[in-house]
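Peer 1: Put chains S and P on the given structure of chain V with help from the hints.
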Amino acid sequence: MDWMRRLLVFAALAAALPAAAQDKFIVVASTTSTEQSGLFGYLLPIFQKKTSIQVRVVALGTGQALDLARRGDADVVFVHARSAEKKFLAEGHGVKRFPVMYNDFVLIGPKADPAKVAGGKDIVEALKKVKSAQAPFVSRGDRSGTHIAELELWTLAGIDIAREKGRWYRDTGQGMGPALNTAAAMNAYILSDRGTWIAFKNRGELGIDVQGDPRLFNQYGVMLVNPDKHPNVKKELGQAFVDWVISPEGQQAIAEYKIGGEQLFFPNANQPGA
Amino acid sequence: MSEAFGTALRLLADLDPKLVEIVLLSLGVSLMAVAIATLLGLPLGAAIAVGRFPGRRTLIVILNALMGLPPVVVGLVIYLLLSRAGPLGALGILFTPAAMVIAQTVLILPIVAALSRQAIEDAWREYDEQLRSLGAGRVQAALTLLWDTRFSLLTTVLAGFGRAAAEVGAVMIVGGNIDGVTRVMTTTIALETSKGDLPLALGLGIILIAIILAVNAAAYLTKELAQRRYG
Amino acid sequence: MKNGSLLPLRLHDVSFAAGGRTIIDGISLEIEAGRSTIILGANGAGKSVLMRLMHGLLAPTSGRVEWSAPERAGAPRKQAMVFQRPVMLRRSARANVGYALKIAGVPKSRRATQVREALDGVGLAHLARRSARVLSGGEQQRLALARAWALHPEVLFLDEPTASLDPSATREIEAVIRAFDAAGTKIVMATHNLGQARRLGDDIVFLDRGRLVERSPVDQFFSKPQSAQAAAFIKGELPWIG
Chain V
1 MDWMRRLLVF AALAAALPAA AQDKFIVVAS TTSTEQSGLF GYLLPIFQKK TSIQVRVVAL
61 GTGQALDLAR RGDADVVFVH ARSAEKKFLA EGHGVKRFPV MYNDFVLIGP KADPAKVAGG
121 KDIVEALKKV KSAQAPFVSR GDRSGTHIAE LELWTLAGID IAREKGRWYR DTGQGMGPAL
181 NTAAAMNAYI LSDRGTWIAF KNRGELGIDV QGDPRLFNQY GVMLVNPDKH PNVKKELGQA
241 FVDWVISPEG QQAIAEYKIG GEQLFFPNAN QPGA
Chain S
1 MSEAFGTALR LLADLDPKLV EIVLLSLGVS LMAVAIATLL GLPLGAAIAV GRFPGRRTLI
61 VILNALMGLP PVVVGLVIYL LLSRAGPLGA LGILFTPAAM VIAQTVLILP IVAALSRQAI
121 EDAWREYDEQ LRSLGAGRVQ AALTLLWDTR FSLLTTVLAG FGRAAAEVGA VMIVGGNIDG
181 VTRVMTTTIA LETSKGDLPL ALGLGIILIA IILAVNAAAY LTKELAQRRY G
Chain P
1 MKNGSLLPLR LHDVSFAAGG RTIIDGISLE IEAGRSTIIL GANGAGKSVL MRLMHGLLAP
61 TSGRVEWSAP ERAGAPRKQA MVFQRPVMLR RSARANVGYA LKIAGVPKSR RATQVREALD
121 GVGLAHLARR SARVLSGGEQ QRLALARAWA LHPEVLFLDE PTASLDPSAT REIEAVIRAF
181 DAAGTKIVMA THNLGQARRL GDDIVFLDRG RLVERSPVDQ FFSKPQSAQA AAFIKGELPW
241 IG
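Protein chains in written order, with our numbering: chain V, 1 to 274; chain S, 1 to 231; chain P, 1 to 242.
No lab work stands behind these hints: they were computed from the structure. Idealized CB from N, CA, C, for every residue including glycine. Just so you know, not all the hints are guaranteed correct.
Quick list of in silico lysine-lysine cross-link-like pairs, DSS-like style, CA-CA up to 27 Å [to be verified]: (1) K18/S to K50/V; (2) K201/V to K18/S; (3) K258/V to K223/S; (4) K24/V to K18/S; (5) K116/V to K165/V; (6) K49/V to K223/S.
Computed, partial: chain S to chain V, Cβ under 10 Å [stated by the list, open to error]: (7) G86; (8) F95; (9) G176; (10) G196; (11) D197; (12) P199.
So that you can see chain V by itself, here it is in the shape it has in the complex (with noise of 0.2 Å):
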């Protein structure tokens, strides 16, 4: 049974390495879609760098994400659906929310545009009409910022979308990513944040329809998650964490990450309001 000792040893270890590589680190809970455009992969060796503090980043839907704070499992929450965050802050579980930066949504769609939106900048007309023409339409269905920033679009175009979908409008329940492969394998419109577009690969026929829309901003908002609500939240980590997001310094970070030339996300953290 000598094998077996050596195993255990061996497993031991690996296990335990990248756990012991760190011994300050947080958790923030973040969106799929600030993960997958690769922001945090630029930001985070640089804030871990001036601090050594290892930022663990659990990347779900905005909602997953908020649950997963109300449930104690994060420390700081890095997400962008306002009407929610300022639930999660009025339920007590936030401690202040801050705004980080905005991205805007961009509205992808078919080459064969079957209902005419291309180049368009007016996100509810669009809508309109891509309801009107019955022309596959795939949403995240997941509570995520995106998700709900469609809803609203929704109501601002006067559809009550959960009552008049039909079976152009499909309901995916996953990730941007995700969504993104599924509207390429369909030829379906489908909005997306532009991060995640600009950095998804498998594009098939689609390209951008619509953009510019002021309606279309996407704000991300930064909160530490309430230490008296959740004794376990490392407060002062955390904390060091949402300060040097919205410090010049790591603003400026954030303006610099850019994918093929282009920005991706802009820094706000100055903007009263937002």
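Peer 2: For chains S and P alone, coordinates are given in the frame of chain V:
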């Protein structure tokens, strides 16, 4: 497809440190889970095989059924247990490799116990009278059978490892797929697929399949060798 | 009789039923030390079951099996059994013998010598390290006898030990059994082979359909069988006798 193979070969040739880290973590987590499941599962299987107690047959049926536990359900249950809001939250091991080891151990323990029970019970039928004739008590018999069926048991252990290395549902939920901490091969494949980076995902998938093939080949060769040498 | 001797073994009206069938029907008999006893009968007469009842592998459904010195649970056994098909562990020949000694509580330091003696006694010393399960049928059965020999049992049960073997292997096994007998071990052997019964037995216990039909010394049994069933059995096997 050929792009995927090319990517896979390039990844291996370059020995990209991120890739190495991911593969080592995958192996570490699954091997640790297999080790614990074996330590607990083999004696359990042996005890059920040679023991006689009320409800034994029901227990066997349940154990066999648990082999088919969906990984994502196991992940969910372990998450609820380890969450700060859950009973074991104070341990603080959610989103660490330890949680992944626990989830995978729970997943493969029934496999090790059920299959070893079967192997040992089959052997027990052959050896029962002879061992009792020699005066071996139940515990002694169980230990003797464990050693005698060691080659079948090795195959069982390797089957458990294969199951652990291939699953994604459990480790994704309890590990959180955190870059550099709890990202393993299967969760990376899921991530890269969702990012649309299919060649990379496929490349990783090929590496994973190669590992599992190697494990299965080892199991088969062990059995062959044992048969020829020991009969 | 020695103090603490297992023998004589007494069966008091022992019956055994399984699956609704009566396999052993009210057998009473006494087995003493000394002469080797052959349990004789046709296939299905109940020989194997009777052997197992005596050895303690089966419990009678009614009646009693009584040894003169009751065996304590957990103590080393003073009786051994060799089955029709030898059952060997996946280890070397010598390890199989050593295993039996370990169960019997023989300290490790003494085991190696006793194992070697036992293997020498049956002529298997040259195969000591070979894996037991790859040996031939005859070699495995000799190994089973070596394993039993190492335990120095008072009583040795043999359940049709040569039924699966060819004539030359059979001869070798019979030689070992005679050696056991000469060394003072009580032999109780089941067989349906009349020639073997004559060669090895002193005392015949004849079974027919689960009942003890006749019991007599070997010469008397073959020359002047008392019961019709015994006579028929002998005639059936060796039609040129009487």
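Peer 1: It remains to establish, for every hint, whether it holds in the given structure.
Peer 2: Outcome of the hint check:
The suggested pairing of K18/S with K50/V holds, with an alpha-carbon distance near 22 Å, which does not exceed 27 Å. For the proposed pair K201/V and K18/S, the alpha carbon gap of about 21 Å is at most 27 Å, so the pair holds. Simply put, K258/V and K223/S have alpha-carbon atoms about 55 Å apart, too far for the 27 Å limit, and the pair is violated. Taken as a hint, the K24/V and K18/S pair is honoured in the structure, with Cα atoms around 21 Å apart against an allowance of 27 Å.
About 19 Å separates the Cα atoms of K116/V and K165/V, which keeps this hinted pair within 27 Å; it holds. With a CA separation close to 52 Å, the supplied pair K49/V and K223/S exceeds the 27 Å bound. The interface hint given for G86/S holds, since its Cβ lies 8 Å from the closest Cβ of chain V, which is under the 10 Å cut-off. The closest approach between the C-beta of F95/S and any C-beta of chain V is roughly 6 Å, which is under the 10 Å cut-off, so the hint is satisfied.
The closest approach between the C-beta of G176/S and any C-beta of chain V is roughly 4 Å, which is under the 10 Å cut-off, so the hint is satisfied. With a least beta-carbon distance of about 3 Å to chain V, the hint placing G196/S at the interface is held under the 10 Å criterion. Nearest Cβ of chain V to the Cβ of D197/S: about 5 Å, under the 10 Å cut. The hint holds. A distance limit of 10 Å between C-beta atoms decides the matter here; for P199/S the minimum to chain V is near 9 Å, and the interface restraint holds.
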